[in-house]
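Visitor: Chains as they are written, first to last, in the working numbering: chain A, 1 to 153; chain B, 1 to 656.
Derived from the structure by calculation, the hints contain no laboratory data.
Among the hints, a few may not be true.
[Stated by the list, open to error] The list that follows gives simulated cross-link-like pairs (lysine-lysine, DSS-like), each with its CA atoms no further than 30 Å apart:
1. Lys382/B / Lys91/A
2. Lys540/B / Lys102/A
3. Lys511/B / Lys535/B
4. Lys51/A / Lys382/B
Note that the structure is a prediction, hence the values are computed from the model and not measured.
Given next are the chains, with one letter for each unit.
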Amino acid sequence: MVLKARHKRFILIAIGLILIGLAARLILNAFQSNMVFFYTPTQVEKGEVPKGTGFRIGGLVVPGSLKREDDGMTVHFVITDTAKTVPVIYKGVLPDLFKEGKGVVAQGSVDASGLFTASEVLAKHDENYMPPEAAEALKRAKMQGTSSLVMPK
Amino acid sequence: MIPEIGHFALILALLVALILGSFPIIGAARGNAVWMGLARPAARVQFFLIAIAFLCLAYAFASKDYSVSYVAANSNSQLPLRFRIAAVWGGHEGSLLLWAMILSIWTVAVSIFSKHLPDDMRARILGVMGLVSVGFLLFMLMVSNPFDRLIPAAMDGRDLNPLLQDPGMIFHPPMLYMGYVGFSVAFSFAIAALLGGQLDSAWARWSRPWTTMAWVFLTLGIMGGSNWAYYELGWGGWWFWDAVENASFMPWLVGTALIHSLAVTEKRGSFKAWTVLLAIGAFSLSLLGTFLVRSGVLTSVHAFATDPRRGLFILVFLVIVIGGSLALFAWRAPTVGRGGKFGVVSRESFLLANNVLLAVASMSVLLGTLYPLFLDALGLGKISVGPPYFDTVFVPLMTPALFLMGVGPIARWKNATVPELALRLRWAFAVSVATALILPLLLGHWTPMIGLGLFLAFWIFAASAHLVRQRLSGDVATLLSRAKAVPFAWWGMVIAHIGIAVFTLGVTVVKGFESEIAVRMLPGDVAHLAGYEFKFEGVKDSVGPNYTASRGQFRVSKNGEERTMLFPEKRLYTVQNMPMTEAGISPALINDLYTSLGEPLDGGAWSVHIYHKPMVEWIWAGAALMALGGLMALSDRRYRLRRKKLTDQKILKATR
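This is chain A alone, in the form it adopts within the complex (with noise of 0.2 Å):
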């Protein structure tokens, strides 16, 4: 069969629309596949978080929460939004800006008896900055706390 030049150009043009639409397939599904959630705190308490799966947390360190095992590289500490606390353990060393008492966000999953694994712990460059995601608990925990100063005492 000859193909008209005005029919192959057709049919190319296609292909290309086709191996387009296959890449944007690929990218769309990688992006699903690969996107990290923020819980705070009190979703994990609550149970709202994925199971199995990979999440960030975000809050404050608790002070005096910070213990290591005699390894010296295995970290426990607590990660609060000031109405609910998750306890994590991490093995690696921890970034510079990591202190008791400052924001944090970490990146891991937790088992069923509530313990944070965490692979990755954020702390960002700056004294005074709060990572956004610390910065989100903490205010919906305020609010769920401002709500709540409505109730008798």
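Fit chain B to the given chain A structure using the hints.
Guide: Leaving out everything else, chain B in the frame of chain A:
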């Protein structure tokens, strides 16, 4: 007084930019030579005025004038002079001034090296650059004035972010901005061509060297930034797919597509509309990148809540530039006409395919960078998209692109055939497949990703070797003269492509064979990694100009033979009371050894991070080769010839 002079110079610069952005363009439309003639002097005066403003701000930093609010926020009396000067672009306002300064440099450069252009074309180009300048100057004067006074003056400054107190800060931002802003030239050429309806191959020829120049700067800027992150952040990484990095990578991807597309437009007259679109895209992404990084929107999308005018101005500016140029494109592009026809298998097709792949890749980066911001801004939740997304996307997109890089330069223009290409590339293919299969086994282990990366790197090496051999084949006696006859631009292309191969090789090896440990070490302890012994010899206190440091000492040996000493530091910058890690690195061709100090533990012990990074330096060497290739293309004879011809004409005129 000095800051007021700077402020006043900015106001005058805005007036001059308004003249530059209006009269020459209107003059070009009406054929008014006097109005068009205003472009060149206006470009020069604008440069002069912005340079005065820039020097005034630099003087305020150097002389520690903490009555200027921007200086007080980004400097400190303890800060060494070189960082006080670099602090000029350490924050939002000063970065904008640097941007405007560099734009005025490019504008003057265009006004000097555009004598061969038709008067109306030159007037339009300089006019469009003037309009961009109006936007930036207006933005500074309205909402981001670097010369705002602080009353009462601060006793001392809040200091430059310690992370930025590094030689990288002196070179990286100006380099990057030279690249970003350099794309404004390609953009202005495209807009001027659209306005004048002269989208021919001459336009592409004029635009090419400027675009290549900008691309070289951007490549070097990104390379410098990546290297800086590697040694400064202390995590041993060289690319984090951080939004700040993505902001510079997107224009690079589109700019890379643009320099290739321009080549086709110049040589074959094809892809005209696509080239214009890429020129608009590269500059739009540069603008977006500048604002993303420098507006604080990344730290928090609600940063603008404190000053909503800034966000509004940026949005309006972006809409005018991007929307306006796209509207012009839509209006004018149909008149462009089609270029030369080409077959399905031809160099044009391969270049087009790579162009599309690069454009799609930059769109995927745009999605991953902006979507989380949109969700957050709309209050729909907080998400983050990390390296896994970009890794997943980039491997399938870049694999065909790198493969085609081997084929494209060998294929003929207009029409090539698959059997012929296969025949000519069969040895290159065999060599790269064999390398991909065997080399990893010699190095220790084989994974599909290592195999793929090595295949692509050696494919480009082998195909480039074939290309060079074919070009120089013939009698040995005349080899030298024939090599000299090959245009520099062609060698530039080969070198830049080899740069990609070197880069790919570096990435593949470091990703496939790197190793790291994090351990607690007491003085005298020895850690083992990748066959090396790292002996920790304790930590000494040392004092810098504005920090105190704990300086660790590591003696590295292999099989009992001493190799090197590493001195990682943990610094505490006293003004902001901020700790910083300085990695101790021994860079080498084959193996980087990298240590960083974590934190002090009980009993004089430290937590220590040790990395073994094989061939990581090749990543930056590859980028440097790409830039070198770009420079070689720029030094091509035909650009020099034209200037020579021009001076000849001048002499002729003068003697007449």
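Visitor: Next step is simple, just say for each hint if it's right about the structure.
Guide: Verification of the hints:
1. Lys382/B / Lys91/A: Distance of about 26 Å is within 30 Å: holds.
2. Lys540/B / Lys102/A: Given pair Lys540/B, Lys102/A holds - Cα atoms ~28 Å apart, limit 30 Å.
3. Lys511/B / Lys535/B: 26 Å, holds
4. Lys51/A / Lys382/B: With Cα atoms ~18 Å apart, Lys51/A and Lys382/B stay inside 30 Å; holds.
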